[in-house]
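The whole structure should be built from the sequences, with the hints applied where relevant.
Number of protein chains: 2
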Amino acid sequence: MVHLPIGFRFAGVSSSIKTKAGARDVTLIVSDTECVAAGVYTTNQIVAAPVVVSRSRTPSNKIRGIVVNSGNANACTGTRGHHDAVEMTKIAAAAVDPSGSLTPEHFVVMSTGVIGRFLPMEKVKSGIIAAASELAASETGFLNACDGILTTDIARKVSERTLSVRGNDLHIVGMCKGAGMIGPKMATMLAIIITDAPLEPAQAQRILQSAANKSFNCISVEGHMSTNDSLVLLASQPSAQRPALSGNDEALFSQNLTDLAIELAKKIPDDGEGATHLIEIRVQGANHDADADAVARSIALSNLVKTAITGGDPNWGRIVSAAGYAGVPIRPEYTALKINGIPLFEKGEPIAFDAAVVSSSIKGRKLTEIDLQVGMGPGLATHWTTDLNTEYVRFNSEYTT
Amino acid sequence: MVHLPIGFRFAGVSSSIKTKAGARDVTLIVSDTECVAAGVYTTNQIVAAPVVVSRSRTPSNKIRGIVVNSGNANACTGTRGHHDAVEMTKIAAAAVDPSGSLTPEHFVVMSTGVIGRFLPMEKVKSGIIAAASELAASETGFLNACDGILTTDIARKVSERTLSVRGNDLHIVGMCKGAGMIGPKMATMLAIIITDAPLEPAQAQRILQSAANKSFNCISVEGHMSTNDSLVLLASQPSAQRPALSGNDEALFSQNLTDLAIELAKKIPDDGEGATHLIEIRVQGANHDADADAVARSIALSNLVKTAITGGDPNWGRIVSAAGYAGVPIRPEYTALKINGIPLFEKGEPIAFDAAVVSSSIKGRKLTEIDLQVGMGPGLATHWTTDLNTEYVRFNSEYTT
Numbered sequence: 001m002v003h004l005p006i007g008f009r010f011a012g013v014s015s016s017i018k019t020k021a022g023a024r025d026v027t028l029i030v031s032d033t034e035c036v037a038a039g040v041y042t043t044n045q046i047v048a049a050p051v052v053v054s055r056s057r058t059p060s061n062k063i064r065g066i067v068v069n070s071g072n073a074n075a076c077t078g079t080r081g082h083h084d085a086v087e088m089t090k091i092a093a094a095a096v097d098p099s100g101s102l103t104p105e106h107f108v109v110m111s112t113g114v115i116g117r118f119l120p121m122e123k124v125k126s127g128i129i130a131a132a133s134e135l136a137a138s139e140t141g142f143l144n145a146c147d148g149i150l151t152t153d154i155a156r157k158v159s160e161r162t163l164s165v166r167g168n169d170l171h172i173v174g175m176c177k178g179a180g181m182i183g184p185k186m187a188t189m190l191a192i193i194i195t196d197a198p199l200e201p202a203q204a205q206r207i208l209q210s211a212a213n214k215s216f217n218c219i220s221v222e223g224h225m226s227t228n229d230s231l232v233l234l235a236s237q238p239s240a241q242r243p244a245l246s247g248n249d250e251a252l253f254s255q256n257l258t259d260l261a262i263e264l265a266k267k268i269p270d271d272g273e274g275a276t277h278l279i280e281i282r283v284q285g286a287n288h289d290a291d292a293d294a295v296a297r298s299i300a301l302s303n304l305v306k307t308a309i310t311g312g313d314p315n316w317g318r319i320v321s322a323a324g325y326a327g328v329p330i331r332p333e334y335t336a337l338k339i340n341g342i343p344l345f346e347k348g349e350p351i352a353f354d355a356a357v358v359s360s361s362i363k364g365r366k367l368t369e370i371d372l373q374v375g376m377g378p379g380l381a382t383h384w385t386t387d388l389n390t391e392y393v394r395f396n397s398e399y400t401t
Numbered sequence: 001m002v003h004l005p006i007g008f009r010f011a012g013v014s015s016s017i018k019t020k021a022g023a024r025d026v027t028l029i030v031s032d033t034e035c036v037a038a039g040v041y042t043t044n045q046i047v048a049a050p051v052v053v054s055r056s057r058t059p060s061n062k063i064r065g066i067v068v069n070s071g072n073a074n075a076c077t078g079t080r081g082h083h084d085a086v087e088m089t090k091i092a093a094a095a096v097d098p099s100g101s102l103t104p105e106h107f108v109v110m111s112t113g114v115i116g117r118f119l120p121m122e123k124v125k126s127g128i129i130a131a132a133s134e135l136a137a138s139e140t141g142f143l144n145a146c147d148g149i150l151t152t153d154i155a156r157k158v159s160e161r162t163l164s165v166r167g168n169d170l171h172i173v174g175m176c177k178g179a180g181m182i183g184p185k186m187a188t189m190l191a192i193i194i195t196d197a198p199l200e201p202a203q204a205q206r207i208l209q210s211a212a213n214k215s216f217n218c219i220s221v222e223g224h225m226s227t228n229d230s231l232v233l234l235a236s237q238p239s240a241q242r243p244a245l246s247g248n249d250e251a252l253f254s255q256n257l258t259d260l261a262i263e264l265a266k267k268i269p270d271d272g273e274g275a276t277h278l279i280e281i282r283v284q285g286a287n288h289d290a291d292a293d294a295v296a297r298s299i300a301l302s303n304l305v306k307t308a309i310t311g312g313d314p315n316w317g318r319i320v321s322a323a324g325y326a327g328v329p330i331r332p333e334y335t336a337l338k339i340n341g342i343p344l345f346e347k348g349e350p351i352a353f354d355a356a357v358v359s360s361s362i363k364g365r366k367l368t369e370i371d372l373q374v375g376m377g378p379g380l381a382t383h384w385t386t387d388l389n390t391e392y393v394r395f396n397s398e399y400t401t
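Sequences listed follow chains U and E, in order.
Going by this note's numbering, the first sequence opens with residue 1, and the numbers climb by one from there.
Going by this note's numbering, the second sequence opens with residue 1, and the numbers climb by one from there.
Treat each hint with caution, since some may be false.
[To be verified] To be clear about the criterion: a stretch of chain U counts as covered by chain E if any three or more of its residues have a C-beta under 8 Å from a C-beta of chain E, and this derived list gives those stretches:
1. 44 to 53
2. 345 to 351
[Unchecked claim] List time: in silico DSS-like cross-link candidates among lysine-lysine, alpha-carbon distance up to 30 Å:
3. Lys62/U with Lys123/U
4. Lys214/U with Lys266/U
5. Lys123/U with Lys214/U
6. Lys20/U with Lys90/U
7. Lys366/E with Lys214/E
8. Lys347/U with Lys90/E
9. Lys347/E with Lys123/U
10. Lys125/U with Lys347/E
11. Lys125/E with Lys90/E
12. Lys214/U with Lys347/U
13. Lys125/E with Lys347/U
14. Lys366/E with Lys347/E
15. Lys214/E with Lys266/E
16. Lys338/U with Lys214/U
17. Lys123/U with Lys90/U
18. Lys266/E with Lys366/E
19. Lys347/U with Lys123/E
20. Lys266/E with Lys20/U
21. Lys214/E with Lys363/E
22. Lys125/U with Lys62/U
23. Lys20/U with Lys123/U
24. Lys363/U with Lys20/E
25. Lys366/E with Lys338/E
26. Lys347/E with Lys90/U
Simulated from the structure, these hints should not be mistaken for laboratory data.
Since we're looking at a predicted model, the values are computed, not measured.
Even glycine gets a Cβ: it sits at the ideal position worked out from N, Cα and C.
Structure, rendered in structure tokens:
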């Protein structure tokens, strides 16, 4: 059972944007009252129209909902694409409240799917209208909404936290999409987190950005930041009297949101056909967290590291070398590496280890843990990625437009 | 027939460092007189011992030769590795001139092969001594030397240029190693270029660095800059009376050296089992050459682009998106893309094209040409990479240490 925050209604419907019959491809999430909303978006300069629209509308305390389509990214679609993205929010506003009290600006919008094709707006419109008619504050509605944002994902991805603040239960629930084996032209990460915690817009934005930096910004499948990547937080304000969280209460909320975001983010590389390993890369001893982040990212993006894990090969030279070209200072004389807790390399020199033991520890389970020390500084970072195997390549090369 | 520069002798022998019986794995190149030498080396901070030694000895006008082993990279081997690298140059000096007139500092050294294992110095020593006894100013000696630096390469890689300066023929000959499908733990690029052009050390270093920036620094297979990458230029000075090249003569030499370096560098991604495409990525319209370089590199390293080319998929969204996250300014409204000369995307909007025609143009030949305009600036760059196919993954994952 999902413990939904107070004040939201959900729907996910099929409107035949996706080619698979009956697949849900339009999601609508609506708040009963104006929400505080924050957003973190792709930094790709080739940015999809819905990102441009949503980015201009967050942070805010006037958002009433979010409208999403899957199956078409509305990216690289120029001015017509921009018009279509605005139109989606206009249709949502009219459908959710036919009395006309809502404006397009009350909605943020997300799209995911094929790049470079114009949205089939007739289908999108009928989907949004159908979704509005099905909105419900129910778990079924919520799960349908989760399904409506998926593309090549195998599994629905949901996480939740409940925390107690000043005698009240506060709820945080998140959904995301994105697969370890990213589909041929659907390399997008979307995430929506809803809460009934009282927040101010700037505060929500700050907390969300901090959580993103430790979660969705630390996962990679092929290092391809999509044109559409979006993470939006909606905080309903069911009791306007309550002041926004502060002090230890804010810290507790922030920690819970970050933990939830990490849990959600890890589901992305953990998903996907053929991904045989989730690789967790923990870097310590860098001069700064940002340096540790660069090292972890460099390792996470190395095809040679990823293929070594696929093969169960304790090939530490590939890992240490990837750290060395990350472009940040490291101290070779303090460099030390463990795979699944087994030391392979210390103080810049090889040490004896039983390759068969390390290999079977990699082959025997899905999670592979890499611990790398690169110096004596305080900088820490953790990244997650997948292995690279023939299924990935087959999936991404045997598809033809 | 290779037109060898005046003043060099060559040998390549087998000393059983490589496991394959009879494979040449020690190369020696010696100049009759002191050479001008320049070097460009890996910027990986985890740097192999031979790189540390050679880097400290170039640029110079006192180099008499270069000693290379393949089959073992002498990387991540700590102080013992450093001692072994120096020892290789000491053995070479003694073997080339038993009278004792040469010192270790007369030699630069390169290694390539497995990371993290100590050199088998008895084998290395006997190999260097055998090579010294076979040194010859012959094409056979030269080709044996070329073979001695290879690891997983399928093909020997040689390029040459002859130019006429003030009535004299000047010769430039280069060899390199590195395969499109880089071997399991042998991800090194080595290149040696020899010439009889009269140069000063600082001039040689400047010209070589410029050539490297347009050639070896513009190729990628998996973006893994190795611990051992080395490019060394040796310029014999057969006629000490001649002044160093200057003005137009220097420009002509520099252009020829750069062309040769590009030709050599392209042989690396063009080689290798299973690499079905050499991909040439030409970027124009960036604000600066460095920005164009960043865009071309981002595309070259994208697994999604590489797998699309494997499958003959004219998936331009992946290419444009990879340009967008390169981290440098681009102008989406001027973005235009051609694959094999066929326009797919113009001014930030999709245009109609015949996908079957583009697909068969990719499938029908080894070279795929990507032309991307990212703005109206003067910045240009060209990069070369391979596709990514199941053979690559199989080769790099099914090997176990």
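Verify the proposed pairing of Lys125/U with Lys62/U, using a straight-line Cα cut of 30 Å.
It holds: about 23 Å lies between the C-alpha atoms, which stays within 30 Å.
Does Lys62/U pair with Lys123/U here, judged by a C-alpha cut-off of 30 Å?
holds (28 Å)
Please count how many residues of the segment 345 to 351 of chain U have a CB within 8 Å of a CB from chain E and say whether that reaches 3.
holds (count 5)
Is it true that the CA of Lys338/U sits at most 30 Å from the CA of Lys214/U?
holds (22 Å)
30 Å Cα cutoff - pair Lys20/U, Lys90/U:
Holds - the C-alpha atoms of Lys90/U and Lys20/U are around 27 Å apart, at most 30 Å.
Keeping to a limit of 30 Å between CA atoms, is the pair of Lys125/E and Lys90/E held or broken?
holds (10 Å)
Would the hint linking Lys20/U and Lys123/U be met if the CA-CA limit is 30 Å?
holds (14 Å)
Lys347/U paired with Lys123/E [C-alpha distance capped at 30 Å]
holds (27 Å)
Given pair status - Lys347/U, Lys214/U, alpha carbons within 30 Å
Cα-Cα ~28 Å, so holds.
Within a Cα-Cα threshold of 30 Å, do Lys366/E and Lys347/E meet the stated pairing?
holds (29 Å)
Does Lys347/U lie within 30 Å of Lys125/E when you go C-alpha to C-alpha?
holds (28 Å)
Pairwise hint evaluation, Lys266/U against Lys214/U, where the allowed Cα distance is 30 Å at most:
At roughly 11 Å apart (the allowed maximum being 30 Å), Lys266/U and Lys214/U satisfy the hint.
When each numbered hint is compared with the structure, violations occur for hints 5 and 20.
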